[in-house]
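Enquirer: Throw the hints in and build the complete structure from the sequences for me.
Read off the chains here:
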Amino acid sequence: MWENVKLGPEAFDLSGKRALVVGAASSVGRAIALALSEAGADVTVTTATPKASEVLAVKRLARQIAVTGLRREPQILDASLGAAVQVMVRQVVKDMGGLDILVTAPDLFLGKAAEKTSDVEWSRIISVNLSSVFHACRAAGREMIRRGWGRIINVASAMGERGLANSAAYCAAKGGVMNLTRALAQEWGAHGVTVNCIAFGWLEDSPGLGEPDPQANRLIRFIPMRRPGNADEVAPLALWLASEAAGYVSGQTFFVDGGLTCHL
Amino acid sequence: MYRERLELKDRVAIVTGAGRGLGRQMALALARAGASIVAAARSEDQIEGTAREVEALGRHALAVRTDVRDSAAVDRLIESCLQEFGRLDIMLSNAGIGDAITQGKELWDVSDDEWHDALQVNLSGTFYCARAAARHMVQQGRGVIINVGSGTALRGYSANFAYAAAKAGVIALTKSLAIMLVRHNVRVNCIIPGFVVQSPPADQQAADFIRERGSYVPVQRLGEAWELGPLAIFLASDASSYITGQGFIIDGGGLAGGYAPVGFAPEVRMAG
Numbered sequence: 001m002w003e004n005v006k007l008g009p010e011a012f013d014l015s016g017k018r019a020l021v022v023g024a025a026s027s028v029g030r031a032i033a034l035a036l037s038e039a040g041a042d043v044t045v046t047t048a049t050p051k052a053s054e055v056l057a058v059k060r061l062a063r064q065i066a067v068t069g070l071r072r073e074p075q076i077l078d079a080s081l082g083a084a085v086q087v088m089v090r091q092v093v094k095d096m097g098g099l100d101i102l103v104t105a106p107d108l109f110l111g112k113a114a115e116k117t118s119d120v121e122w123s124r125i126i127s128v129n130l131s132s133v134f135h136a137c138r139a140a141g142r143e144m145i146r147r148g149w150g151r152i153i154n155v156a157s158a159m160g161e162r163g164l165a166n167s168a169a170y171c172a173a174k175g176g177v178m179n180l181t182r183a184l185a186q187e188w189g190a191h192g193v194t195v196n197c198i199a200f201g202w203l204e205d206s207p208g209l210g211e212p213d214p215q216a217n218r219l220i221r222f223i224p225m226r227r228p229g230n231a232d233e234v235a236p237l238a239l240w241l242a243s244e245a246a247g248y249v250s251g252q253t254f255f256v257d258g259g260l261t262c263h264l
Numbered sequence: 265m266y267r268e269r270l271e272l273k274d275r276v277a278i279v280t281g282a283g284r285g286l287g288r289q290m291a292l293a294l295a296r297a298g299a300s301i302v303a304a305a306r307s308e309d310q311i312e313g314t315a316r317e318v319e320a321l322g323r324h325a326l327a328v329r330t331d332v333r334d335s336a337a338v339d340r341l342i343e344s345c346l347q348e349f350g351r352l353d354i355m356l357s358n359a360g361i362g363d364a365i366t367q368g369k370e371l372w373d374v375s376d377d378e379w380h381d382a383l384q385v386n387l388s389g390t391f392y393c394a395r396a397a398a399r400h401m402v403q404q405g406r407g408v409i410i411n412v413g414s415g416t417a418l419r420g421y422s423a424n425f426a427y428a429a430a431k432a433g434v435i436a437l438t439k440s441l442a443i444m445l446v447r448h449n450v451r452v453n454c455i456i457p458g459f460v461v462q463s464p465p466a467d468q469q470a471a472d473f474i475r476e477r478g479s480y481v482p483v484q485r486l487g488e489a490w491e492l493g494p495l496a497i498f499l500a501s502d503a504s505s506y507i508t509g510q511g512f513i514i515d516g517g518g519l520a521g522g523y524a525p526v527g528f529a530p531e532v533r534m535a536g
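Residue numbers (the working numbering), protein chains in the order written: chain F, 1 to 264; chain D, 265 to 536.
To be clear, the hints were calculated from the coordinates, so they are not data collected in a lab. These numbers were taken from a predicted model, which means no experiment stands behind them. Yeah, the Cβ is synthetic: ideal placement off N, Cα and C, and Gly gets one too. One or more hints might be untrue.
[Stated by the list, open to error] Derived list of chain D stretches under chain F, where covered just means 3 residues or more per stretch with a C-beta under 8 Å from a C-beta of chain F: (1) 268-281; (2) 308-318; (3) 393-405; (4) 504-510; (5) 520-527.
Expert: Following this line, the structure appears as structure tokens:
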């Protein structure tokens, strides 16, 4: 592979690749879907849950992608149901003629004291944030293993690495996504499928962030860059991970967090 | 929008250890993205070669013979860059020596000099480059420092423990520098390669060795130096604007595993 490699910015070109973004109503899911499309990939987007606001968001996103890319029907489903995801992936593979890139980005937060968290709340946070990621990886992985090539990018949060008060279920789910990523990387490495994770820190639309002014907000002052990031700053990392050039990258979590996880 | 953010047009990069292997590939990648390149290393012939390749891509290049163990030489390297190009945007500290030094020796047979030399070239060199580059980047109000660590820093490496210790130092240095320089709009990150082949195998024996070693990696092959190029572009460019203090591990899945040999996959029924 030493000859004729795409070494420059053209390495980030994804023309001819087919991508599925599960949970594309989240801000990072949306930004990654648009970035993949801009890089030339054929992109299908889905909801993580059939909630009206998500349905609306992915429909709008699919229209936006269709302005410059191919028009693909947005998929409305509850990704916490494994069978629904399998059926959807099979349909998407048929429509696009294959599947090269999977991005999972469901994101449902609950800020609540652990001792007050109900069974239903715990299960919901785990199934939306973690189980749906497994369902999507499993269904897409089957297709990718068959073809001997694939790129899976799971979007988690730095809260999967660090604990936060009033966030036990969310932290557990996101940490689960990181270790799911490591396990799948071991299992599917020999099949040409890489599995990686992007963990974002505080973003402009993060629930609970509060006042944008650092003077008034000690959380923002705590971030080394003294500002929350935005989803557009997370997306380019996904382009690299989805590219041919990232074939030797697997099982890793990459933090896009303004320095959050590197200070004391 | 994303494509433009990967552009390095009008940016100037210093790459140490640019004469061959990873450094050469990363220098060429940065050049392809539009950057002017200052190629530094101890061997004049090799950096001249890299500089000519950069020029063949239509970019400006300067070769400066530098031994990163010598802090005065590193200061002169930065001065040469500023004299030629008037600015410095990207400091890619790649110079390091992975073999020799403590390779294969028993702990008690390693001399003070060997230990210090491993730290000097692999850790102090990175510090000298960051210090000299930061002086200018802080004035400039922006900059990117990219260090190169090693997967050996993250687990024990008996074959070359001084190298592993020095590279662990590079990773820790990266995080501290990231925090120290963040208010000056200077980002500091670290590329952490696992087993990566530096150049195409010269003969069949070398190719066989590479193939055999690849079987110990989850993706069933070793990495190749060119695969670090696009990552260097990403970290050097505005596409990584919210990323600082991070180590990017590129090791074919090795560090994510390690609980059992590669390929070990138990099949056990759920109890009960």
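Enquirer: If a hint holds in the structure, say so; if it does not, say that too.
Expert: Quick rundown of the hints versus the structure:
Residue count for the segment 268-281 of chain D with a Cβ under 8 Å from a Cβ of chain F: 3. That meets the three needed, and the coverage hint holds. Counting residues of the segment 308-318 of chain D whose C-beta lies closer than 8 Å to any C-beta of chain F gives 0; at least three are required, and the coverage claim is violated. Restraint check on the segment 393-405 of chain D versus chain F: 0 residues with Cβ-Cβ distances below 8 Å, three needed, restraint violated. Only residues whose beta carbon comes within less than 8 Å of a beta carbon in chain F count, and the segment 504-510 of chain D has 7; three or more means the coverage holds.
Beta-carbon proximity to chain F at under 8 Å applies to 4 residues in the segment 520-527 of chain D; the threshold of 3 is reached and the given coverage holds.
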